[in-house]
Amino acid sequence: MVRERPRSLLPLVIVGIAVGYALLLLIAPLVAIVQNALADGLQPVIDTLTEPNVVHALEITFAMTVGAVIINTVFGLITAWVLVRQRFLGKTILNTLVDIPFVFSPVIAGYALIVLFGRNGWLAPSLIPIVFALPGILLAKTFVSLPFVTREVGPVLETLEPEPEQAAYVIGASQWKTFRAIIFPEIWPGLLYGIVLTLARALGEFGAVAVVSGGIEGRTETATMFVFRALSDRNDAAAYSVSLLLGLIAVFVLVALRLVRRGMKSSHRKG
Amino acid sequence: MAARSLQIPWGAWGLRLAAVGYIGAFVAVPVVVIIIQGFRGGLEAFVDALSSPAAVSAIVLTVWTSAIMTVINMVMGTITAFALVRYEFPGRDLLNTLVDLPFAVPTLVTGVMLVVLYGPQTFIGEFFDNLGLRIIFAPPGIVLALLFVGYPFVIRAVQPVLEVLDANQQEAARTLGASEWTIFRRIIFPVIRPAIIAGGLLSFARSLGEFGAIIIVSGNIPMRSQTATVYLYAQVEAGNLQAASAVSLVLVVIAVMTTLAIDRSGVRRRG
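In order, the protein sequence lines correspond to chains A and B. According to the numbering used here, the first sequence is numbered sequentially starting from 1. According to the numbering used here, the second sequence is numbered sequentially starting from 1.
Looking at chain A on its own, in the form it has when it is part of the complex (with noise of 0.2 Å):
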């Protein structure tokens, strides 16, 4: 489609709404973050980001969100395969289920698992602490991120040609090579948009968490539990600077998912 220059009135009051509600909704407040975090300087923000509490917070954040990615790589893609390869019964149902964490209150989801693993939960007396310790981490950030991998594969994985699949069955090449060298490169921009997006969920995951982990400072306390606890303390610089950190991966990630547009774009002029 050819895009047109607005010269007359119309077109430029409607870029005009569009820019200026951007700029008043996203712009302005990512600025105004960036300005309050950097109010003195970046030496503040720099001691906040290496006290001892806030590095492991990081660092719980960002192991349990790498376990929750891979947890919904794997499973997203087998996922995605089933949903479109095959035919069984109950197969409306297990897609329908899968949309559902986008609709799913994470505080909902946080509280299902206080059901299950709590202190008088149905499955209470469990091997391992799962409720106010990681692996409640892990399951919460899991739940809220997992239908990306899935629903960014699933229509790449339709619209793939059965041609190429079949010749490489024709001259000998197993099911797994085939996957490999055949569907693979044609999923794997879809995919990786998929990673990027299950990965910016989990990390920014709150509601969920904060239900199921309890946010004991420096055991169970993550980088968005830790910005609530400061803010709350009144501490507001420590807050801000975490923020900051926490919108500035969101930037890397926007910039992220531009590139793997992009790529898909020109992988798609190609074919």
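Heads up, some of the hints might be wrong.
[Unchecked claim] Only part of the chain A face toward chain B is listed, based on derived beta-carbon distances under 10 Å:
#	residue
1	15
2	56
3	98
4	133
5	205
6	253
[Stated by the list, open to error] Between beta-carbon pairs, the in silico distance windows are:
#	chain 1	residue 1	chain 2	residue 2	range
7	B	68	A	259	32 to 42 Å
8	B	68	A	184	43 to 53 Å
9	B	88	A	180	35 to 45 Å
[As the list claims (entries may be wrong)] Chain B residues, not near chain A, derived (Cβ > 10 Å throughout):
#	residue
10	39
11	54
12	89
13	129
14	130
15	137
16	173
17	177
18	188
19	193
20	194
21	241
22	255
Hint data in this document are derived by calculation from the structure and do not stem from the laboratory. All values reported here derive from a predicted model rather than from experimental measurement. We put the CB at the ideal spot given by N, CA and C, even for glycine.
Knowing the structure of chain A, use the given hints to seat chain B on it.
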């Protein structure tokens, strides 16, 4: 190819089992837990928990702030999608990338950013305070937070539909002397309407469960600015499980109904 899958039937079965087990454990179990827990004390206890004034006011506040957000989001999202698809302007590419910002920023950080910009101690906050309009720690702040979080949904739903719109029809209408407004109302709007509704509903479902941004901007004042998820969080923390279960169930039912409505609108969605 069929013969080959027959050679190792356990391969297909193994994958199916993995997918069903994954979605079952991570999604179906929490949903079932919330439903059973909601009715555990019997219908009477459920109704009792829901008839507390604080619970009612929290659910009502959540629904009306989400509804206002949805209406604004549908209008602004359509305008933004229009600007992005139709017109070439400086910063168009940047704006298109920024649309995904709310997916990348942790919602708790969204709350922090909004308080930093619009809080009562800031220039803007003070300005509105003097006009008698409090933004942060009041319902307008909640709507603002939901607008940020819901920003991408309508745009990303409408954009692809506008991209493939038939230009010939519009050209024909223009030749016959139709005004731009008539062309939009009679030709463009009927085609993009399902996408606008689907995007709007998705952002509505999303905001019912929003927690991180709201707990920061709402001030958490019972009966005034306490939303359903914040109320839920307070009940879980206080160990008041009956109330928590009842409110969870109501939120899940509204969210699932909204999802079904989106499915019926027949538009493919993405997170």
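Go through the numbered hints given earlier and state which of them the structure violates, listing their numbers in rising order.
Of the numbered hints, 2, 4, 12, 21, 22 do not hold.
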